[in-house]
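Student: Taking the hints into account, I'd like the entire structure generated from these sequences.
Here is how the chains run, residue by residue.
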Amino acid sequence: MTLLIVSPILFPLLGMLINALFGQRMRERVVGWVASFAVIAAFAASVVLFVQLSQSHGEPLRLTLAPWITAGALNVAWGFLVDPLSAVMMLIVTGVGALIHIYSIGYMHGDPRFARYFVYLNLFVAAMLVLVMADNFLVLFVGWELVGLCSYLLIGFWFQDVKNAAAGRKAFVVNRIGDVGFVLGMLLIFATFGTLDFETVFAQVKVRGESLAAVASLITLLLFIGATGKSAQIPLFVWLPDAMAGPTPVSALIHAATMVTAGVYMMSRAHVLFELAPTTQALIALVGAITALVAGSSALRQVDIKKVLAYSTVSQLGFMVAAAGLGAYVAALFHLLTHAFFKALLFLGAGSVIHAMHAAHGDVDPQDMRAMGGLAKRMPFTFLTFVIGGLALAGLPPLAGFFSKDEVLLAAFADNPLVFVLLGITAAFTALYVGRQIVLVFLGEPRSANAAHAHESPAIMTMPLAVLALLTLAGGAINLPGGGWLHHWLEPVLHEAAKPLNVGLALVFTLIALGALALAWVWYRDAQRARLEVESALGRFLLSAWHIDAVYHATVLRAFYTLSTICSQLIDIGLIDAAVNAVGRSARAAADQLRAAQSGFVRNYGLLMFLGVIVLVVYFVVVR
Amino acid sequence: MNVADLETVLPFLLLATGGVALLLVDLAVPQARKSLTGWLAFVVALAAGVSALALVSGKTMKGFAGMVQADAFAYFADVLLCVVAALVILLSLRYHTARGLMRGEFYPLLLLSLSGMSLAVHAADLLVVFLAIELLSIPLYVLSGFARPRLESEEAALKYFLTGAFASGFLVYGVALIYGASGTTALGDLRAALLDNPALTSDALLMAGLALVMVGLLFKIAAVPFHFWAPDVYEGAPTTVTAFMATATKAAAFLALMRVVAGFAALSPSLAQPFEVADALRPMLALIAAITMIVGNVTALAQQNVKRMLAYSSIAHAGYALAGVASGDATAVLFYLAAYAFATLAAFVVLIAVGSTEGNEDHRYEAYAGLGRRAPLLGVIMALAMFSLIGIPPTAGFVGKYFLFRAVVASDLTWLAVIGVLTSALSAAFYLRVLMVLFMREPETAPEAEPAALAADAPRMVAAYVSAAAVLLIGVFPSAVLALLTGGELVALVR
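Chains A and B, in that order, are what the protein sequence lines are.
Quick note: the first sequence, position 575, residue 574 per numbering that gives the first Met the number 0, numbers continuous.
Quick note: the second sequence, position 407, residue 406 per numbering that gives the first Met the number 0, numbers continuous.
Bear in mind the hints are in silico, worked out from the structure with no lab data behind them.
Among the hints, a few may not be true.
Unchecked claim - Computed beta-carbon distance windows for the label pairs: (1) B:P393 with A:Q592: 33 to 43 Å; (2) B:R373 with A:Q159: 48 to 58 Å; (3) A:A596 with B:P282: 17 to 27 Å; (4) B:L421 with A:L574: 13 to 23 Å; (5) A:Y560 with B:P282: 32 to 42 Å; (6) B:L421 with A:K162: 27 to 37 Å; (7) A:N74 with B:L194: 23 to 33 Å; (8) A:A595 with B:L421: 15 to 25 Å; (9) A:I565 with B:E151: 34 to 44 Å.
To be verified - Facing chain A, a subset of chain B residues (Cβ under 8 Å, in silico): (10) S56; (11) V171; (12) Y172; (13) A203; (14) P230; (15) Q303.
Unchecked claim - Stretches of chain A that chain B covers, calculated by requiring three or more beta carbons in the stretch to come under 8 Å of a beta carbon on chain B: (16) 223-229; (17) 576-589.
Backbone N, C-alpha and C define an ideal beta-carbon position, used for all residues, glycine too.
Tutor: So this is what it looks like as structure tokens:
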């Protein structure tokens, strides 16, 4: 039992170890399948745990592996917890993770650092499992930081290009800002409750209730700052579009399906705390909605196939965060789940397109949609699955995205009109950029030699696409309106009442989506529009995501550089270095003086010794 | 005299008889196989060390009508001295062949000097202190000049002899004055006499005698201003002899010094601890410790020669140990001396390895350039030695300094501990310079000429591993050394 609970973590670690030690000497296929089977085994273990959990009617499985920190009042153990919430996350992480591992065997074929890639990817899966299985805040933070490390390593995986390395660094630094909030939040939790254990903290919250309202507001605000870093929300979302510098399967796994949802997971896990802080809740809902709108509008004018999906991810994360802010945690997690399916599908489809564009030697950027077109005929399978993913993202019934997005909108409709309007507009934008992307990439005539000579990707890459497409088609079934399976499953953790389907609302948004898709068809059939629109002022504004990066450069970064310059020139070189050098110089000068006494003549030595004798005798006889 | 008396100085007896016997045996050893004499001396040193280890206990025994004393401190020092001597013998074999010094009398002389040290740590009478100091010194004078006809070696021997004779004169005169004032030379009786007769504590004759005895001992540990001989002698003497002097002589002289200081503890009658320092002595000891730390470390900074730098380093560390003496914590001092001895020996392993090559023995910093890459093992050992001498964990030097400064602070000499810490920080400058040269400098000569000359030498490697292991093990498991030191309980330096 002990081993079973940690085995989902141990399998990827084992795979990582094998590839790290022997990967250099093993054939590519072997490396890839070792890594993939490690994650498949983790998935199987997760399924076993899931079944056990459902047989015990949601009674959580716990395991304390070893004590970790015992310092005064602070007691932290390597404790793991499998409850309905973590079980769902484990299935997503290992399930989608396994598919993306397999896909990567094809996608990374021929890369000189093939083994290293799978070492990082295995480590990521293990770290993500630590994050979702932790039974206290500190172990969660271990996973939180480890996935951040893997993200950094994989964004900069092709570090020969300085741009990629810089993107990795940006992701790391921006996440660090959020982490400061998270750590402060943890410290405040420890100061308030005297422990970091989920169970104890949440039990105390229930007992002490309203008396904690003030401190809970501060704690949740700090934790939310952590979430804005990891889950790419305003003001810290700027790293995610740059993170597309990594290999595309990495974007699918880490920067769409799993890691970026860590913030949403964390807020759901700590929902007891968040419910005590209505002010923070309102703020979270608003930040989520604004992020959704800003990112959704920015996706409208992107020309890079992956950037569209990146901004789309930020936007969809905004939906989830808004739902969490509205207290609709089931909706947030449901959308997290379906988004993991269809966004992974879209990214892998985009990867398939990039792979094909790259393989057909030409001289254009293989990620530029303006150079594509007409790929539907050349890559029919990729086209089919991409359309399924796209329509799910646009929110068309009966695809998975329809149900989850509808639940989020329903929650907003009931509680917060402003958030509802923002999310509603974003939903229209979503369908529009999905339509634009499908038309530009797959329809019309090829606009470059690469596109004209593209071929369908190998089976190892299309097979995962098929599985994800099936999940996207049927995924909505797990939580049909009015209290579906997921609702009941999460009931022991989240205690949330189900809402019935609002047919009117669903119909309106289906029509909006259809309208936006039709508009996209009309506008972008002639690719000329896509070429021209980025040159307008509005185009540039949206392409650069509302110039937020430039604003940060002009304000935060410039101030920071000024401070750094002052510290390094004035304080470090001017003060500290100068003082140290002065000490060193005077010591050398003293040394040269003292050396002079060592004349080499015994007569001098005898004289100096004799003076010493006199001093000693005088001291002992007279002075004492 | 009875058998029990013999037991109190058993290591000394083994060493002295072994040394004399080896002189005779050596006559039968052909010139080509003088290393056999070395191995025999090695066996004698080890046997003496093992006998001391077997005798360690918490009990204190007196022998020869109170002239000598056997206690845990003495046996600990015996073990340390014998191990150091055995390692020096291992280092000598190859070095002496390479330098053309393979003469049989080296090893008996080493054993006789070692026997003097062993006697010094057992001394309970001022006359025995004097006798032991002479017995350890005279063979050292000869050994310093062992590299004849090399002029620096001859010069070192002469300087050492002249200044040493000067210091011995003060020592024996001091003993005479003390006898004149108190009617005894036994430290235990002296202590009792001071307690019985408070008028004696302000006797000018006695105090002058104490000052002069201190001079003789401060000379041996090379404390400022009685240190001038040390750099010249350490640099000129054969490197093996330098290693022996820097480690063993210092430890023996320190324990003798502490016994004398303990004998005068009754200058402040309120004190009743096993080892304590009279208020009359404490300020002077602290002052000399401070000056020694400063002069040793600062002058080491200006040196251009690793061997000479280590000479100043030995002066500086005498200052640290002397601060421990001033604090009145004998355990901390002996622990520190052991930590210092192994670190210094580890450094000398590298110097001797370099000296064992053909051609001139060159210890300038430049001559060490790139050695760490050419001979990584030597580089690592030097790094360990330097880290320990600076006092960086997890080496012995760190724990040693920790115990020492803790004792110094506990005895209200915080200013002295501050000077100790500051000079330690300063010392990093010249210790790390060695490592910088070793690992980050390109050698000045063509590298292909060097590697063959640094061929492996099994006995030297054993010495290298043992001293390096000691540096690490003492640093990681200090309590094991402390247990040996105290024999399970506190012991009195003087009874």
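Student: Are three or more residues of the stretch 576-589 of chain A within 8 Å, CB to CB, of chain B?
Tutor: Contact hint for the stretch 576-589 of chain A vs chain B: holds, 4 residues under 8 Å.
Student: Given a hint of 48 to 58 Å, does the C-beta separation of B:R373 and A:Q159 actually sit inside it?
Tutor: For A:Q159 against B:R373, whose Cβ atoms are near 34 Å apart, the range 48 to 58 Å is violated.
Student: Range hint 13 to 23 Å: satisfied by the CB atoms of B:L421 and A:L574?
Tutor: holds, 20 Å
Student: Just to make sure I understand the rule, a stretch counts as covered if three or more of its residues have a C-beta closer than 8 Å to a C-beta of the chain. Does the stretch 223-229 of chain A meet that for chain B?
Tutor: Since three or more residues must qualify, the claim that chain B covers the stretch 223-229 of chain A is violated, with 0 doing so at under 8 Å.
Student: The hint says 33 to 43 Å between B:P393 and A:Q592; measuring C-beta to C-beta, is that right?
Tutor: Given range 33 to 43 Å: holds, Cβ gap about 37 Å.
Student: If you take the shortest Cβ to Cβ gap from B:Q303 to chain A, is it below 8 Å?
Tutor: Where the cut-off is 8 Å and the nearest Cβ of chain A is about 10 Å from B:Q303, the hint is violated.
Student: Go through the hint on B:S56 and say holds or violated, using the shortest Cβ distance to chain A against 8 Å.
Tutor: Hint violated; B:S56 Cβ to chain A Cβ min 36 Å, cut 8 Å.
Student: Can you verify the interface hint for B:A203: is its Cβ closer than 8 Å to any Cβ in chain A?
Tutor: Holds - the Cβ of B:A203 comes within 8 Å of chain A, reaching about 5 Å at its closest.
Student: Does B:V171 hold up as a contact with chain A if the rule is Cβ-Cβ below 8 Å?
Tutor: violated, 14 Å
Student: Taking the Cβ atom of A:I565 and the Cβ atom of B:E151, is their distance within the range 34 to 44 Å?
Tutor: The hinted range 34 to 44 Å is violated for A:I565 and B:E151, with Cβ atoms some 55 Å apart.
Student: Given the hint of 32 to 42 Å, is the C-beta distance from A:Y560 to B:P282 inside that range or not?
Tutor: violated, 55 Å
Student: Falls inside 27 to 37 Å, the C-beta gap from B:L421 to A:K162?
Tutor: Check failed, 49 Å falls outside 27 to 37 Å.
Checked against the numbered hints listed earlier, the structure breaks hints 2, 5, 6, 7, 9, 10, 11, 12, 15 and 16; every other hint is satisfied.
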